[in-house]
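Asks: Each chain is listed here by its residues.
Number of protein chains: 2
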Amino acid sequence: MAKVAKESPFAPARLPVLPPIQGVRFATAEAGIRYSNRTDLLVAVMDEGTAAAGVLTQSKTCSAPVLWCRRSLKHGMARVLVVNSGNANAFTGMKGRAAVEATAEAAAAAVGCKDRDIYIASTGVIGEPLDAAKFTDLLGDLAAKAVPDAFEPAARAIMTTDTYPKLATRTARIGDTDVTINGFCKGAGMIAPDMATMLCFIFTDAAISAGALQDLLDEHVKTTFNSMTIDGDTSTSDTCLIFATGAAETRGQKPVTKAKSKRLKDFSDALCDLMRDLAIQVAKDGEGISKFVTFTVDGAESEAAARKIALSCANSPILKTAIAGEDPNWGRVVMAVGKSGEAADRDQLAIWFGDHCVARNGERAEEYEETAVAKYMKNSEITIRIDAGVGDKSATVWTCDLTHDYVSINADYRS
Amino acid sequence: MAKVAKESPFAPARLPVLPPIQGVRFATAEAGIRYSNRTDLLVAVMDEGTAAAGVLTQSKTCSAPVLWCRRSLKHGMARVLVVNSGNANAFTGMKGRAAVEATAEAAAAAVGCKDRDIYIASTGVIGEPLDAAKFTDLLGDLAAKAVPDAFEPAARAIMTTDTYPKLATRTARIGDTDVTINGFCKGAGMIAPDMATMLCFIFTDAAISAGALQDLLDEHVKTTFNSMTIDGDTSTSDTCLIFATGAAETRGQKPVTKAKSKRLKDFSDALCDLMRDLAIQVAKDGEGISKFVTFTVDGAESEAAARKIALSCANSPILKTAIAGEDPNWGRVVMAVGKSGEAADRDQLAIWFGDHCVARNGERAEEYEETAVAKYMKNSEITIRIDAGVGDKSATVWTCDLTHDYVSINADYRS
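Top to bottom, those sequences are chains R and V.
Take the first sequence: its position 153, counting from 1, is numbered 152 in numbering that gives the first Met the number 0, and each next residue is one higher.
Take the second sequence: its position 112, counting from 1, is numbered 111 in numbering that gives the first Met the number 0, and each next residue is one higher.
Hint data in this document are derived by calculation from the structure and do not stem from the laboratory.
One should not assume that every hint holds.
Identical chains share a label here; the pair holds if one copy fits it or two copies do between them.
[Said to hold, decoys possible] No more than 16 Å apart at the CA atoms, straight line, and that leaves these computed lysine to aspartate or glutamate pairs for EDC-like:
#1 Lys94 with Glu365
#2 Lys257 with Asp276
#3 Lys374 with Asp404
#4 Lys133 with Glu100
#5 Lys73 with Asp130
#6 Lys94 with Glu362
#7 Lys5 with Glu29
Start from the sequences, fold in the hints, and give me the full structure.
Replies: Here it is as structure tokens:
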């Protein structure tokens, strides 16, 4: 049994309310896959003509549902999304493939579509065969009773050990038409053994082609989900899917087929903002979190280099533990910049903790005063800025600290 | 002040005794650089004609002594090595350069040699100016009173928060002559803030050219020091130097100038064995260690790929905490293999914990029995073997687990 983690100090006091999206309906169920007395199955039914795009884990040991989605995405259209929590259906061999195929077959029969219109995601234990028979019989009934106004229960059904559901909504204007973008995701709550999955599902009523959606998602995932880390461990199941029902066309929106179209500018910005919001919500629910940490790198040779330096800091155990200890240990920032392998001018490097400049021109800043910076470290949100001194490109990465609770959550499972 | 860490459970009951090496003498002193009541300065004086080779940190923010050694190594000859503990002289700008130059000047004057025959290493706090005046006056006296039979005090003087000195000795035969190889190092005891330095010094009386020594060191560092990790954090000061006095020539050893010479085979094997011994000693003194862990990867496409997969496991916080918790969590091994980015056949992958096969052909092994494997996890030394299923190359990496003590050591500095 998974232990119940204490709620993240960053859990929102109030969840955002997501309006319905025309052309999408949700239903959830308690299928008893691993958990008792909670929902663990989500079905989203989408109207015909819904375009789909997605970004999937780069893991070489990816799960059976990831391989399935990769195939469906080639086609780029969607009718049903099925998500279960409690079992990742990863590293399950032929049995895993069979479970995915049985799920797709039942989902396609439920709405009368082809297999290739089905998308599947699973999150939970790795290596345990998933018994799809526990829920394939339920899919027909769920598809029939699905309702539009159910984003919060949908977000709750996919949680594993997240301490709160992660929801966000935005509106954007395409031409003269207002469209809605809703998203929810689950994060890096790896309390029970093997939980290690970031799943994100985004829905919009905009009429945008699968190709354009894919280009937007590829662009924005870099500065949002791929700029967030808990412990640097990449899951076998990471999945981010976006579905566009095109219902806004009935309200006069002319369909868009190119990501670079000027008409998509506002939508693109809103989508990026929503994805950033969700990514930050995931970081703020990181295992054992006591502090939310933002690393901003300026003055790098390229945006990719800036991101690599920021991630090198955000994934450094020794720096993250120092932050947990409220220690303004900027020497460890120097170390993490140095080990990133990216260009940085040792003699131009500058570092700020909040507004406090701690190092400049490759050495401790003249005005550095440990007491003031130590006081800053007592804040629950910490921002560390680095100027690499070699260019003019920037990147930002979000993470949490590394605490005793992280070790307890991940090590003391059997105690 | 640094906290005193409890001794590693792997501290040796008895330290190895290292015989003198003809042509090398040591002296140590209490220079009061940061610590009180302990030695923190080491001077090694070598006879004229001593060849030198070295491998230095790849960090872009490397320390002033590392830059100095890089210059001296071009020349390839050595007379004096000066090492201080307590201050890393890293990220100290122009002041750092000046401190290194003052040290080299004083050391050169002490034995009457050129600057370029001097090697310097510093370990300790990053970012604090090093006051070389605290010890430059001592160097003349130390050089004069240096003695050959002092490897243990030498190893103790360079310790920061290591819980035991790390020493090793080997003999090898070159032609008909027996030669000795001695080495000592300090490790990843990062208890006070910023301590993060691996320093290793190896001495031999063999007559081998600097070029051949460099080739041997480059080759063996891959499978020894670069196959060992505590937390994946690369220091600004990592330094491994080897010095060959050539004194064995007086006993009939014909000098060797090519690493590939057949006459060096036995020496090369002994050197590699000594370096592996020292690397394992460092891992066994990792911060907060409760278990020593060996990852062996077979069936990889190349040796480099095998090492990358093994390091991906050895640096995974979530896998290392599971090991600390005695949880045979092989799903996290699957994750770490997948995130390495190296080729692995998901459907051929096999994993063993000790002699217990837990996964085979891409899924849980039929004979897997959790009770037996959980019992195995109670051992203090854990071996995890992975077959990537795509080739016939192997690599081994050593590490420790990630424990509450690691967090305490690195986070609770100010508490």
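Asks: Now tell me, hint by hint, if it's right for this structure.
Replies: Evaluated hints:
1. Lys94 with Glu365: So Lys94 and Glu365 pass the 16 Å test across copies only (13 Å; inside, 63 Å).
2. Lys257 with Asp276: Classified as neither: same-chain Cα gap 25 Å, cross-chain 60 Å, threshold 16 Å.
3. Lys374 with Asp404: For Lys374 and Asp404, the Cα distance exceeds 16 Å both inside one copy (23 Å) and across copies (25 Å).
4. Lys133 with Glu100: within (14 Å within a copy, 73 Å between copies)
5. Lys73 with Asp130: neither (27 Å within a copy, 64 Å between copies)
6. Lys94 with Glu362: between (58 Å within a copy, 9 Å between copies)
7. Lys5 with Glu29: neither (23 Å within a copy, 49 Å between copies)
Checked against the numbered hints above, the structure violates hints 2, 3, 5, 7; every other hint is satisfied.
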